[in-house]
Each structure stands twice: as C-alpha cells, then as structure tokens.
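Colleague: Each chain, letter by letter, is given below.
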Amino acid sequence: MLSEIALYGAFETGLIYGLVAFGIYLSFRVLDFPDLTVDGSFPLGAAVSAVLIIGGWNPWLATAAAILAGMAAGAVTAILNVRLKILNLLASILTMIALYSVNLRIMDRPNIALLSEDTVLTPWYDLGLAFHQVPVILFLIVAIVVMVLLWRFMQSEVGLAMRATGANPRMARAQGIATGWMIILGVALSNGLVAMAGSLFAQSQGAADVTMGVGVIVIGLASLIGGEAVLSPRSVFRALLACLIGAILYRLAIALALNADFIGLKTQDLNLITAVLVTLAIVLPNARHSVKSFFARS
Amino acid sequence: MNRSILKALVSAGLVLAAGALHAEPRTVAVTQIVEHPALDAVYEGVKDELAEAGYKEGEDVRYVHESAQANTAVASQIARKFVGEQPDVIVAIATPSAQTVAAAARNIPVVFSAVTDPVGARLVKSLEKPGANITGITDMLPLDKHLDMLQRVVPDAKRIGTVYNPGEANAVALVDQLEKKLDARGLTLVKAAATKTSEVLGAARSLVGKTDAIYLTTDNTVVSAAEAVISVGERAKIPVFAADTATVSRGAIAALGFDYYDVGRQTGKVVGRILAGENPGDIPVGGVDALSLFVNPEAAKRMGVELAPDVIADAEEVVTTE
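Chains as they are written, first to last, in our numbering: chain B, 1 to 298; chain U, 1001 to 1322.
So here's chain B without its partners, still in its complex pose:
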C-alpha cells in the first residue's frame, strides 16, 4: 500500500524526530520539566546551520554549531526557571517566543534554501545507494550514535544525579546534588538534541523556514508516549529505544493516513489523528492496568 519511497521517507523523518523525542524524554521524563522551548529551538538549529552552510562552513561543523545554539536556548529557559524562579512552563514559553525573533535575526529572512548547497548528506550520495535510501542510512547511524552516547551519559555520575533530580529533588539536594545545575544541564542537552534535529531536517528538506517549529512539542510528545506504549520503558536503554520507535511509528501512521483514502481519512484530519493517538497512548496502558487489577480483585 505504501510505496518504497514513502516508506523510506517516513523512516527518514521518523529518525530525525527520534532526536526530538530523545530531547523531550530528557526534559519531560528525566527532569519532569515541561519544556516548550523546543518549538523555537528546532527552527533555531535549522537557522544556524543554514546560515553557516550558505556561508561556506562544513555542514558537520554547522550542525555542531546548531547544537550549541540549541543548548544555549535551553540553558536560558532553565536559568529563567532555576535562578529567576519563573514557573518552568512559562519560562519555556518566554524563550520560545523570543526565539522566533532571534531566528529571524539569524537568517535575516524567513526562509533560506539549501537546495543546491553541500549538506551532511552530499558525500553519501556517491555511495551508489538509491537516492531515497541515503538519508535513512545516515540518520540511522546518527540516531544510534546519539542514543548510545545518551545511554552511557545517563549511567555516569552526572547522569545519575540528573535522574535523581527529576525523581525526587528534595532527596537529591539532601544527597548534595546541585539540582539547579542539573536542570540547566539537562534542559540545555535536551534543546541541543532538538536543534540538531532541526539542523538535519533543514538539510534533508532543502530549506530552513522560521515556521518549521510549529507543533514540534506535540509531535515529540506523541512519539515519546507512543513509543512507551509499545515498548514499556523499564530501563533507560529501552526508554531511548522507545523514543526512536515511537517517532518512526508516528511517521508511519502519518504516511498511512496520507494513503488512507479507503477509510475516508484525509490530510485535513491529521491533527485530529495526532491528538487521538496521543490520548490513546496515554490512556491504553492505564486501561490495561485497571482491567488487570479489576480481575485480580474479583
């Protein structure tokens, strides 16, 4: 039913949004910090790397710069929260709004085309693979490397301290953990990952556009929660794997919806489908649990 190219396209976009899901896992799940900065840091990553690539930088260096810019944005949100005591959700909204102007300043116009520029993908096209397979192979390698690095980080001393901060801040402080710094580091890392996704997305789509961040948070959450519903995240490794699987499943669901003329679905329904998917993913595991406990009681 899905063409090969549509299928690869879903994997490509899914792998990129897997990085977004990693970021949202860090902020939402590990630190318990609802962070809307991502709607701004995704186009920030795209903007920074697009400007630098146009300026003749090596695309990988441009991507690294995008990550640093994203980390700076995340750090601003966290500092607003930790140091200035602004409610976390509000702090992230403030940064997100500010980033819209910042992104316009960085790009100096709303849209920068990368269609004929060298990107991280360019050298890979010479490998003799089909045109639509190249991004999937490269982004799969990137996603796995990032996942392994994150997994190792979460087991390090700092990573454990960060998890303790999110799980029980009071206890963490009693153990001598500087929870404020942990929040700043965690939210910065989270937005660095999201900016990296934005940078790679712009490079594979051929353009950076200030409007491309709209709804990133919802899609990231849908991927995170969907992945958790499929693969119960009993360990950090499984949780990260769930992010990746969830992001790919979400994109497959959209690809199917685009092909779902047979049940009368149209693209106009996509936002509704997303909301339904997220709701189901949140409700179903609990429902299974309550059904089980219902039978256990009786």
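With the C-beta cut set under 7 Å, the calculated list includes, among others, these residues of chain U facing chain B:
| hint | residue |
| --- | --- |
| 1 | Glu-1085 |
| 2 | Thr-1100 |
| 3 | Ala-1103 |
| 4 | Ala-1121 |
Calculated directly from the structure, the hints in this document are not laboratory data.
In this text the structure is predicted, and so the values were computed from the model without any measurement.
Even glycine gets a Cβ: it sits at the ideal position worked out from N, Cα and C.
We have chain B; now place chain U onto it with these hints.
Modeller: Then chain U, alone, in the frame of chain B:
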C-alpha cells in the same frame, strides 16, 4: 435471446474494453502547504484550466490532492508519497511545499505555483531558463502597475506605508521589491511588522503620522486582518490600497486585480504543456497577466480622498464596502 440485442451488447462491451485500454488517465499530484482561500483557489484554477483544455477529470486526468496543514514535516512526507507514486506531474503550491518536492523529486516533472521568489527559494536557476525538471508560476505582484495606480489616485504621496509579516517568505520578498521600486520613484517605504493577525492593528497605528498612503501586499497575515488597517486608515484619513481585489470590497480604496484563481489557471496551462510532452526545464517561469481595476469610492471618501471620475470610469468593478 434476440440476436440483435446480443450483438449490441457484445459490441458495447468491445467499445468499453477498447476505451479502458485506450484511456489510462494521467495523474496530477497536488501538494499545498496549508488550506487557505487563496491557495485553494490556485488548485481550482489548475483543475478548471485543464478541464477547458480537454482533460476530463476521472477519464483523462486523475487528481491526488494533499495539504500539509502548515507542517513542514508533513509536507516532506507528502512529497515522498508523491515521488513514490510516480505521477505524471507534481504541482506544489507555495514556497515550503515547492522546496520539499524539489528536494525529493529527481525525474518527475514539478510545477510550482504561488511562489513569489522562485530564484531566491533556489527552485530554479533563472526565470527564463529553469533547467532540470522544474518550472512554474510566480505570484510576484506587478508592483510597478500597482504603484502607477496608487500615484494616479494620490499623486502627492511621498511616504508609503506597509504592514507585513517578517516571518512569511513571500511577504518579505515582496516588501524588498517594493522598497526598490519606491526608491526608483523617489518615494520612501515605511515598514511596520506584525508577526500574527492580532498585531496588525498595532502595526497599522504605528504608521499614523509617518505615511501619506498605505499599500498592502498579498501577505497572508495582513490580508487576514485587513479590516484593522482599513479602520486605522479611516480614522487617521490615510488612503489604504490593496494588492488583491477582495480587499477592496472589505474597505480598501482600490486594487489592480490580482486573483489566485488566475495564478491557478496559468499553472494549469503549464501542467497541460507538460502533459502534452514538453520538458519543464524549457518552459520559462510565468506570472499573472490578467489584471482588472477594482475601486471603492465610498471607502475613498471615508479616508479623505476623492476618486477622480476617469479612475472610476477605468474601473472594471465599482464596489461598496460589504
């Protein structure tokens, strides 16, 4: 059974079978970044133009139409879906959709539409000779003709104000062009930015005292909230001109017709040429030529301007505010 009826049935069957063999419909896949009256009109224009050229929907041509709901990730997936289905032509409406299709399609003819700056968006190398597999129709406004019209109504205006959304690629391209054209005429452009419809009123107010006339482009954000600018124009007695005719019946003084349905008709012509076997890279990027003057004398009065009788006489439509 009667022999002649049997005969008739058999021959009817043969005709049907022959028809099915002969007329495999051509596929035109259309992707647009968002549902929006102007962009929807482009799609309608494409279909009507092809129908007039003899492509009957369902028999000669089959349409596949998707909207990305303003989401670039979905736009990219739509592009991949289309490329995988190998249609005869992909029509991409508005800049972000056109860019995602251009990034995904290699051998399929692509016709973009409603893209203001195709060269700046890196869709084509040049307007005259697009090259490769892509061409299309730009919705760049005929700014010179619009400014001629504006100066005919208010010859003394020296400072021209405009409200625009700095986040909209098409709007920024238009404002840049506008600034150059005004410079060449010895006039100055006064810009006011509004990133969403709720900011348009404030932006329009900031122009009061700084401009002699206001000209609105086809910026989506500003056109959505044109009433806000018009109300400021009426209170401060600043004449407001529009780029699209629909805004004249909402209270702007005049517009030299620009209609997205016509953009669609032009796009349909290009699609027809490609279906007939032409190579997209050889078809120059076109623009809209159908223009008609719409005026609103009552609105002019409210903004402290008298429309000259010859201007009204030249108008194709004299409208009143709805």
